[in-house]
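Protein chains: 2
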Amino acid sequence: MDIEGTPVANGYFMPAEWEPHSQTWMGWPERPDNWRDYAVHAQRAFAKVAAAISMFEPVTVCASASQWENARKLLPENVRVIEMSMNDSWFRDTGPTFVVSHCRQKLAGIDWNFNSYGGLEGGCYQDWSLDLLLARKILQVEKLPRFPQNLILEGGSIHVDGEGTCLTTEECLLNKNRNPDLTREQIEDELCSYLGVRKIIWLPRGSYGDEDTNGHIDNMCCFVKPGVVLLAWTDDKLDPQYERSMEAYNILSDTTDANGRKFEIIKLHVPGPLYMTNEEAAGLVEGDSVPRVAGTRLAASYINFYIANGAIIVPQFGDKKWDDEAARVLSGAFSDHQVVRIEGAREILLGGGNIHCITQQQPAIPRSKSA
Amino acid sequence: MDIEGTPVANGYFMPAEWEPHSQTWMGWPERPDNWRDYAVHAQRAFAKVAAAISMFEPVTVCASASQWENARKLLPENVRVIEMSMNDSWFRDTGPTFVVSHCRQKLAGIDWNFNSYGGLEGGCYQDWSLDLLLARKILQVEKLPRFPQNLILEGGSIHVDGEGTCLTTEECLLNKNRNPDLTREQIEDELCSYLGVRKIIWLPRGSYGDEDTNGHIDNMCCFVKPGVVLLAWTDDKLDPQYERSMEAYNILSDTTDANGRKFEIIKLHVPGPLYMTNEEAAGLVEGDSVPRVAGTRLAASYINFYIANGAIIVPQFGDKKWDDEAARVLSGAFSDHQVVRIEGAREILLGGGNIHCITQQQPAIPRSKSA
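Protein sequences, first through last, are from chains A and B. Under the working numbering, the first residue of the first sequence carries the number 1, and numbering increases by one thereafter. Under the working numbering, the first residue of the second sequence carries the number 1, and numbering increases by one thereafter.
Calculated from the structure, these hints are not laboratory results. Fair warning: this is a prediction, and the values are worked out from it, not measured in the lab. Please note: incorrect hints may appear among the correct ones.
The list treats identical chains as interchangeable, and a pair is accepted whether it falls inside one copy or across any two copies.
[To be verified] Taking lysine to aspartate or glutamate pairs in the EDC-like style, the calculated list, with each CA pair at most 20 Å apart, reads: (1) 73 with 4; (2) 262 with 343; (3) 262 with 336; (4) 199 with 236; (5) 73 with 188; (6) 267 with 254; (7) 267 with 235.
If we strip away everything but chain A, and leave its shape as in the complex, we get (with noise of 0.2 Å):
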């Protein structure tokens, strides 16, 4: 059932993710052009992020016919998995993006137009049908209305405070591959009259390294509360990757958010850097995605964690010194939150994304007012 109207218009708005969530959203992971060795290391990746994130709140994991059998035995019992075909497995970007009614009262979803991360020419893949639909069929799994959007935007290209606040990348969001045609203010008031927020922070650019996305927010910087961000940083001032952390960090303390507040900015330090390894590489496949080649500096981040219920589910990269800084920092953001390392985050990330990029969160509502 589609809805009329913006969210904006009908009450609704995105709160944030550490809101209360009914359940977590997942895909699974199968094209073998973009994963490697035929998806099986991905696949105990994702499985594990699933299983850890079902020990604080419920999970469905939406799997391809072919792939459902398999991804029911690798997951555990109390996961859901449901049949669902899509090109990719990034639900952050293709799934809806949940909305509320200001009294918490009714759920709905915004489906997004997709265009594989900026189309024929700059995208990730050639054919992303199936990704189109993937928000509506979640929505109708759940029996939720639906907000139709012809932008072009993916989830992981904005952060809310779900106070009014929202943050995001010109890189992307301003790219020329996904709305060529909008202006900076067309996009803004879309995102007002979507999301419920008030004021847009432009950050220039994401991660270095992020090509596949066009910069996303979610690899380079997020909200811990409204007031305080946490941003991709490191120390190291001839690593790429410290300009475009020092630009961000230079705006970011030189704002403030729809409230007025001025931000409080922790650092969380990026691993490595860390690079795709020649066997890496030699366990994909030819086929319509863009090539990932040996050598590549892969957009490593923590900032691509997710916030269940009660907990932080954080990847880890193997790399000793800042996995435990990266635990020891979202613990300190987040006390009232258990921290959940997954290690061998390192097969998502080879992918192109990270746990923020494979999940989406289903707000909880009212249990009599949510069918």
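Following the hints, complete the assembly by docking chain B onto the known chain A.
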């Protein structure tokens, strides 16, 4: 989540079809070797059935990835369409048989084994691997527990009165193409401990011409309420259906139900006889299903109706006399239900069944206990 032990051992039983439903499940026809003209006519008929039921209770239609958009387009907006792969679309036979706990507090599903109505030798199609997963997938969507069952059984081969009696046929359930190693007594034991019945009434045969299913009961005889049955009938003593109907009539007259009641038998005259036309047969393409040949007598029966909440959804075959008579008889039998006549149900019949075969009721339980 699987439950160990039988439904009866866990306090569950199968309620009668006239008890309140929370929703109806249906599949979406597609295979061009069974549904003529690439299933376009059948899809319209299925959509008509779904639309009719959805006036009385929620309906979920499952469609394959390639048909999802088409199904979504042809179905009313209030019908939920979810992606699910299948070999064919007879959810009565391949969906779960839902069971409830005695105080209607809990709901679960029996996941029978299935071999395409008779296996590689006598079955209707050669690959039934997707059908084997349907019940499990449906239960996952609804987050309901599952009772696995090794017995090969299609839901259309049983009818229960919800008070301890089961109707079935020897032609189907004792057929050596289903469970060759089990005796009648062993099959009875399984039915008793899975459906929660105490008495099985065996009719020797189903309707004439119903070779696909080997004589499913749901095309031949069903309960109106405990102690009252409807029986497919013909007054034409030369019709081979006559002998079958009379044989069933005699058995039903001579027996009692689980609670010692004699049966009131209401005769429901078959239409026709109806035969597959040349044009209809010509619309089929070659595949791995049993060939459908022009001139074949169709197993047409008004018994193959569905009981929705407050409505009887009955097939109409374009046979004015018997269509009207069926509506009259059913209105009398179900005086507190509205009889909804589905014109064009011949298209479902051409595929091998009718409205009861393509529907599966999910019993209602108090909402707070449903998940």
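- Message: I'd like to know which numbered hints this structure contradicts. Please list them from smallest to largest.
- Response: Hints 2, 3, 4 and 5 not satisfied by this model.
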